[in-house]
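Colleague: Sequence:
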Amino acid sequence: MSKGPGLFSDFGKQAKDLLNKDYTSDQKFTISSTSYTGVAVASNLVNKGGLSSGDVAAQYKHKNAVVDVKLDTESNILTTFTVTDLLPSAKTVASFKLPDFNSGKLEVQYFHEHAALTTAVGLKKSPAVDFSSTIGTPSIAFGAEASYITSPGEFTKYTAGVNIIKPDSNASVILADKGDSLRVSYLHHLNQLNGGAVVGEMVRKFSTNENTLTVGCSYNVDPHTVVKAKLNNHGNLGALVQHELRPKSFLTISGAFDTKALEKTPKFGLALSLKP
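For what it's worth, the working numbering labels the leading residue of the sequence shown as 5, then goes sequentially.
Misleading hints may appear alongside valid ones.
Simulated pairs of lysine to aspartate or glutamate, EDC-like, Cα-Cα distance not exceeding 20 angstroms [said to hold, decoys possible]: (1) Lys-271 / Asp-26; (2) Lys-129 / Glu-158; (3) Lys-170 / Asp-14.
Keep in mind that the hints were calculated from the coordinates and are not lab data.
Work out the full structure, taking the sequences as your base and the hints as a guide.
Modeller: Written out as structure tokens, the structure is:
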């Protein structure tokens, strides 16, 4: 694939990951391994609100093709086929979930030096069509995405934005929810945090006149331990510590507090991911 502005779904992704990735109030256990034949297998068990669920996933790679299969405890089977460079600078992704025969979806991604395009079509009668496009460079890109339902023939979503990436920072401005919300984010990497970063995000909801400001940071305590924290203007405080027990095996402990209602019980989460 040629290097270009990337996909619209990547706009503001680094800031979003720092504020949301690995935070959990559940208990999760994951174990994964790779066989000598090249098949990667992963099993997940999640306890959420006293209810347990799980899934088993397998992935097989062969040349430019990848096959993913996931079976969960509700007897759903999700299968995804990904083929790279079936067409020059393009990626094709086909997926379907059983027993929902109307869940099939075909997506084509095209990458160019100064543009990226995606189109996804549901494989059912009167399908939804999702498409997005970006233009620019790896440093600055403009993009938009939309969803259109062929019956009754209307747009259910349209979003536009700009993304700026520099070696030590990135920023994005996204107008979403059919123009009803504005999301602005900025992330900056700091040497003072041992390679960590600080981030700020502001979300403006025009229909309700509501603003949400969230700030967060990550700090690398040592090469194997990361501490993250976030706080928004509604008083919601979150924090986590993630430690690499061994290569690619992680223990994550996270908590969430309402600083404006300290009488409420804090929420805690635990995630253990092992790769023997």
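Colleague: Each hint should be assessed against the structure and marked as holding or not.
Modeller: Tested hints:
1. Lys-271 / Asp-26: holds (14 angstroms)
2. Lys-129 / Glu-158: Roughly 15 angstroms between the alpha carbons, so the hint for Lys-129 and Glu-158 holds.
3. Lys-170 / Asp-14: Holds - the C-alpha atoms of Asp-14 and Lys-170 are around 15 angstroms apart, at most 20 angstroms.
Going through the hint list in order, the structure satisfies each hint without exception.
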